[in-house]
Amino acid sequence: MIELKGINKSFDGVQIIKDVSASFEKGKVTQIIGKSGSGKSVLTKCVVGLHEPDSGQIIYDGQNYSDMRGSERTEIRKSIGMLFQASALFDSLTVLQNVMFPLTMFTDQSKSEMEDRANECLRKVNIIDKGHLFPAETSGGMQKRIAIARAIAMEPKYLFADEPNSGLDPQTAIVIDNLIQEITSEYNTTTVVVTHDMNSVMEVADKIIFIHNGQKWWQGTKEELIRTDNTELQDFVYASKFMKRLRESLLSGS
Amino acid sequence: MFETLKHIGAYGMLMKRVLSKPERWKIYKVRIIDEMDKLGVSSLGLVILLSIFMGAVICLQTATNIDSPLIPMTLVGYATRESVILELAPTMLSLILAGKVGSSIASELGSMRVTEQIDALDIMGVNSASYLILPKLVSALVFFPFLIIISMVLGIFGGYIVSVGTGILETQDYIDGIHLDFKLYHVFYAMVKTLFFAAIITTVSAYYGYTVKGGSLEVGKNSTKGVVSSSILILVFNYLLTQIMLI
Ligand SMILES: Nc1ncnc2c1ncn2[C@@H]1O[C@H](COP(=O)(O)OP(=O)(O)OP(=O)(O)O)[C@@H](O)[C@H]1O
Ligand SMILES: [Mg+2]
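Same order as they appear, the protein sequences are chains D and Z. To convert a position in the first sequence, counted from 1, into my numbering, add 30. To convert a position in the second sequence, counted from 1, into my numbering, add 885.
Just so you know, not all the hints are guaranteed correct.
Said to hold, decoys possible - Here are the simulated lysine-lysine pairs, DSS-like style, with alpha carbons at most 27 Å apart:
#, chain 1, residue 1, chain 2, residue 2
1, D, Lys65, D, Lys108
2, Z, Lys1098, D, Lys48
3, Z, Lys1098, D, Lys108
Quick caveat, the hints were computed from the structure, so don't treat them as lab data.
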């Protein structure tokens, strides 16, 4: 479990994240939703330590990450898998080398052991016989899946994904969502997914956190989300007039 | 002024991370060999071409400018050798390498920054500064002196080709000239300069690449800034080191 307590973050005097407290449970998928520019990526980067929060605490399974120094943090980081908005595969390495990378950096396995593990992860995300290609030679959807394979190579305890299905067609997006859900239950990871894709929320979210202007505006389950009377959240979820009408007819029908 | 101080501070912090003890030597060894190939070997052709022409031009100019019969023609070889060893090989070539190697380092790291590849390294628990920059620094420190030695030899050889090819001076005079009053200390001085320049080129352009904020437009801008800053620093350090070592 990861707990956030009163996280604040400003850039050049502009406060982006405002006193956010939340918790992400083990073995569950927590989805962070919110408008573009609301601060979802900044918040996630604060949680994993790519940005230093101005104040507040981040606690990984009882260990206070905010108070830790370099080498202690490295230990936590080795148990984090992260998917970036733009995949962030190393473009000078092949697909297989990308997935092997964390293993070469942090384990003493032999080359063939590492290759076996990497191939196993690639098979899990359904990438077969593509290990020799470079990331630029694969499609966007494949890159996302390769990034997932790299993120799970070290069997992470925590999995973060920043818009794992942006730029993908709805079907491929669902494949990615299901993969994330599968991994969460298989490795019992604490999973945090940033998204503005409502399909994805309805598919995999165990818990939903809505960020509005850098604040935690709402949290709840899928069922609660449908019935919410929070105006900002309604505006976000049912952005189009069509969806608003659909909701009204749904609620009056049931 | 304030900007400059901020840069120096940030550069210092980055270097502290670059020079922290690497966790895995094995991986660094592979990376260093890789970088040597990328930074050094790929510059070899340019260095060879440039050095021969530099030496040839110096020889030509000195020879055509001597018209008093009182000045011995051995001076031509002497002047060519001294200018190649003291300035042309170490300084000129470093300035050119600042353009070639420096811009490639800055744009490589810059594009890794904007595509979040550096964040991906950090989040895995890898010291990205050290992993990416230290191998470049080490391979430049090892390989640049070789390049400069090659440049010295070929520069002097360039002058020799002129003496043989044009008949503007006796080949024997040229050969006597390059043996005249040879000081090994001058080669040592050139090597020290080269090491400084190698460190400047790799770390300054790495700094500009590593700290890119924004998109590909900024990558281009920062890579230019890296080349300009390292060139200026090369000129400043050239002056300082000359004052310290030759006076
Ligand atoms: N490194 C930074 N320096 C300064 N401002 C930043 C930085 N990173 C983000 N911001 C600002 O913080 C705000 C929130 O950005 P963030 O990337 O978190 O949005 P987001 O919710 O992830 O949006 P999207 O859904 O489009 O990815 C934006 O206004 C952005 O300009
Ligand atoms: Mg974002």
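Practice task
For the pair supplied as a hint, D:Lys65 and D:Lys108, confirm whether the alpha-carbon distance does not exceed 27 Å.
Solution key: The given pair, whose Cα atoms are some 31 Å apart, is violated under the 27 Å limit.
Practice task
Would you mind confirming whether the straight-line C-alpha gap from Z:Lys1098 to D:Lys48 stays at or under 27 Å?
Solution key: OK: Z:Lys1098 and D:Lys48 at ~23 Å, within 27 Å.
Exercise for the section: Decide if the proposed pair is consistent with the structure: Z:Lys1098 and D:Lys108, CA atoms, cutoff 27 Å inclusive. Expected result: Distance ~26 Å between Z:Lys1098 and D:Lys108 Cα, so the pair holds.
Hint 1 from the list above is the single one not met by this structure.
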